[in-house]
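Visitor: Numbering (full-length UniProt numbering), first residue to last: 1 to 127.
It should be emphasised that the hints constitute simulated quantities derived from the structure, not laboratory data. Take these hints with a grain of salt, some might be off.
[Claimed, not checked] Each computed DSBU-like pair below joins lysine-lysine, with the alpha-carbon atoms no more than 35 Å apart:
1. Lys39 / Lys7
2. Lys66 / Lys39
3. Lys7 / Lys85
[Unchecked claim] Pair ranges (Cβ atoms, derived):
4. Gln76 / Gln32: 36 to 44 Å
5. Ser84 / Lys7: 21 to 29 Å
6. Lys66 / Gly33: 21 to 29 Å
We put the CB at the ideal spot given by N, CA and C, even for glycine.
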Amino acid sequence: MPIHFIKNVRCDTCQGMGSAGTIKPVQYHTCQGSGRIRKQQGIFTIEKTCTTCYGEVEIIQNKCQKCGGDGCRRDQVNISVSISKGIAEGAKRALKLLQSYSESRRQIELSKALEEEENASIQQQSE
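Let's have the full structure, built from the sequences with the hints guiding it.
Guide: Right, dumping it as C-alpha coordinates:
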(Lines of atoms letter the chains of each structure in order from A and count residues from 1; the text may use other names and numbers.)
(Lines give C-alpha, C1' and ligand atoms only; values in the text may rest on other atoms or scores of the structure.)
Protein backbone atom coordinates (compact mmCIF):
# COMPACT_ATOMS: atom_id res chain seq x y z
CA MET A 1 0.00 0.00 0.00
CA PRO A 2 1.58 3.32 -1.02
CA ILE A 3 1.79 6.17 1.51
CA HIS A 4 2.67 9.74 0.57
CA PHE A 5 3.60 12.48 3.04
CA ILE A 6 5.70 15.62 3.21
CA LYS A 7 8.70 16.11 5.51
CA ASN A 8 11.46 18.65 5.98
CA VAL A 9 14.83 17.88 4.42
CA ARG A 10 18.09 19.81 4.62
CA CYS A 11 18.48 22.39 1.87
CA ASP A 12 21.14 21.15 -0.54
CA THR A 13 21.95 24.68 -1.77
CA CYS A 14 23.02 26.15 1.59
CA GLN A 15 23.81 22.82 3.34
CA GLY A 16 21.25 23.62 6.06
CA MET A 17 22.87 26.91 7.09
CA GLY A 18 20.18 29.17 5.59
CA SER A 19 22.73 31.58 4.15
CA ALA A 20 23.60 32.15 0.49
CA GLY A 21 27.22 32.76 1.53
CA THR A 22 29.15 32.46 4.75
CA ILE A 23 27.26 33.23 7.94
CA LYS A 24 28.52 36.22 9.81
CA PRO A 25 26.69 36.49 13.13
CA VAL A 26 25.22 39.93 13.62
CA GLN A 27 24.82 40.99 17.23
CA TYR A 28 22.41 43.80 17.89
CA HIS A 29 22.70 46.14 20.84
CA THR A 30 19.16 45.21 21.88
CA CYS A 31 20.10 41.79 23.31
CA GLN A 32 23.93 41.66 22.86
CA GLY A 33 23.54 38.32 21.06
CA SER A 34 21.64 36.49 23.82
CA GLY A 35 18.24 36.49 22.10
CA ARG A 36 16.60 37.69 25.33
CA ILE A 37 15.96 41.16 26.80
CA ARG A 38 15.93 41.75 30.56
CA LYS A 39 14.24 44.72 32.18
CA GLN A 40 14.32 45.65 35.83
CA GLN A 41 11.01 46.97 37.17
CA GLY A 42 11.30 47.70 40.85
CA ILE A 43 12.27 44.48 42.60
CA PHE A 44 11.15 42.36 39.64
CA THR A 45 13.20 41.36 36.62
CA ILE A 46 11.22 40.73 33.45
CA GLU A 47 12.78 38.72 30.63
CA LYS A 48 11.32 38.44 27.14
CA THR A 49 12.34 37.46 23.62
CA CYS A 50 14.39 40.06 21.76
CA THR A 51 12.23 42.17 19.44
CA THR A 52 15.11 42.61 16.96
CA CYS A 53 16.32 39.03 16.40
CA TYR A 54 13.21 37.25 17.79
CA GLY A 55 15.38 34.90 19.87
CA GLU A 56 17.38 33.61 16.89
CA VAL A 57 20.65 35.12 18.23
CA GLU A 58 22.23 35.00 14.75
CA ILE A 59 20.52 36.93 12.00
CA ILE A 60 21.19 35.81 8.43
CA GLN A 61 21.37 38.85 6.20
CA ASN A 62 22.01 37.09 2.87
CA LYS A 63 19.34 34.35 2.97
CA CYS A 64 19.41 31.33 0.69
CA GLN A 65 16.98 31.83 -2.19
CA LYS A 66 15.93 28.18 -2.32
CA CYS A 67 14.91 27.74 1.34
CA GLY A 68 14.36 31.37 2.34
CA GLY A 69 16.89 31.15 5.18
CA ASP A 70 15.23 28.23 6.99
CA GLY A 71 17.99 25.74 6.14
CA CYS A 72 15.41 23.17 5.11
CA ARG A 73 12.81 22.62 2.43
CA ARG A 74 9.64 20.55 2.16
CA ASP A 75 9.93 17.33 0.16
CA GLN A 76 7.39 14.65 -0.69
CA VAL A 77 8.24 11.13 0.46
CA ASN A 78 6.68 8.06 -1.12
CA ILE A 79 6.94 4.72 0.67
CA SER A 80 5.24 1.39 0.30
CA VAL A 81 3.88 -0.53 3.28
CA SER A 82 2.84 -4.16 3.28
CA ILE A 83 -0.26 -5.06 5.28
CA SER A 84 -0.03 -8.44 6.97
CA LYS A 85 -2.70 -11.03 6.43
CA GLY A 86 -5.28 -11.08 9.25
CA ILE A 87 -4.80 -7.54 10.56
CA ALA A 88 -7.78 -6.39 12.67
CA GLU A 89 -10.01 -3.53 11.56
CA GLY A 90 -8.90 -0.25 13.15
CA ALA A 91 -5.48 -1.64 14.04
CA LYS A 92 -2.48 0.66 13.90
CA ARG A 93 0.91 -0.29 12.61
CA ALA A 94 3.92 1.84 13.49
CA LEU A 95 6.32 2.43 10.66
CA LYS A 96 10.04 2.86 11.13
CA LEU A 97 11.05 6.24 12.49
CA LEU A 98 11.64 8.77 9.77
CA GLN A 99 13.95 11.71 10.32
CA SER A 100 12.87 15.19 9.36
CA TYR A 101 15.15 18.22 9.29
CA SER A 102 13.65 20.99 11.40
CA GLU A 103 13.82 24.74 10.90
CA SER A 104 16.04 25.03 13.97
CA ARG A 105 18.63 22.92 12.12
CA ARG A 106 18.34 19.90 14.42
CA GLN A 107 17.36 16.40 13.47
CA ILE A 108 14.02 15.37 14.90
CA GLU A 109 12.34 12.03 14.64
CA LEU A 110 8.86 11.63 13.34
CA SER A 111 6.82 8.53 13.92
CA LYS A 112 4.29 7.77 11.22
CA ALA A 113 1.36 5.52 12.02
CA LEU A 114 -0.92 3.79 9.58
CA GLU A 115 -4.58 3.61 10.49
CA GLU A 116 -7.31 2.06 8.44
CA GLU A 117 -10.02 4.60 7.63
CA GLU A 118 -13.65 3.67 8.18
CA ASN A 119 -14.77 3.65 4.57
CA ALA A 120 -11.49 2.66 2.94
CA SER A 121 -11.07 -0.91 1.91
CA ILE A 122 -7.57 -2.31 2.14
CA GLN A 123 -6.87 -5.53 0.39
CA GLN A 124 -4.78 -7.71 2.63
CA GLN A 125 -1.89 -9.49 1.07
CA SER A 126 -2.33 -13.18 0.65
CA GLU A 127 0.70 -15.36 0.68
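Visitor: Could you run down the list of hints and mark each one as holding or not?
Guide: Hint check:
1. Lys39 / Lys7: Since the Cα atoms of Lys39 and Lys7 sit roughly 40 Å apart, the hinted pair is violated (cutoff 35 Å).
2. Lys66 / Lys39: Roughly 38 Å between the alpha carbons, so the hint for Lys66 and Lys39 is violated.
3. Lys7 / Lys85: Holds, because 29 Å separates the two Cα atoms, which is no more than 35 Å.
4. Gln76 / Gln32: 36 to 44 Å: For Gln32 against Gln76, whose Cβ atoms are near 42 Å apart, the range 36 to 44 Å holds.
5. Ser84 / Lys7: 21 to 29 Å: This hint holds: roughly 25 Å between Cβ atoms.
6. Lys66 / Gly33: 21 to 29 Å: Hint holds: Cβ distance 27 Å, inside 21 to 29 Å.
Hint compliance for this structure: hints 1 and 2 are not met, and every other hint is.
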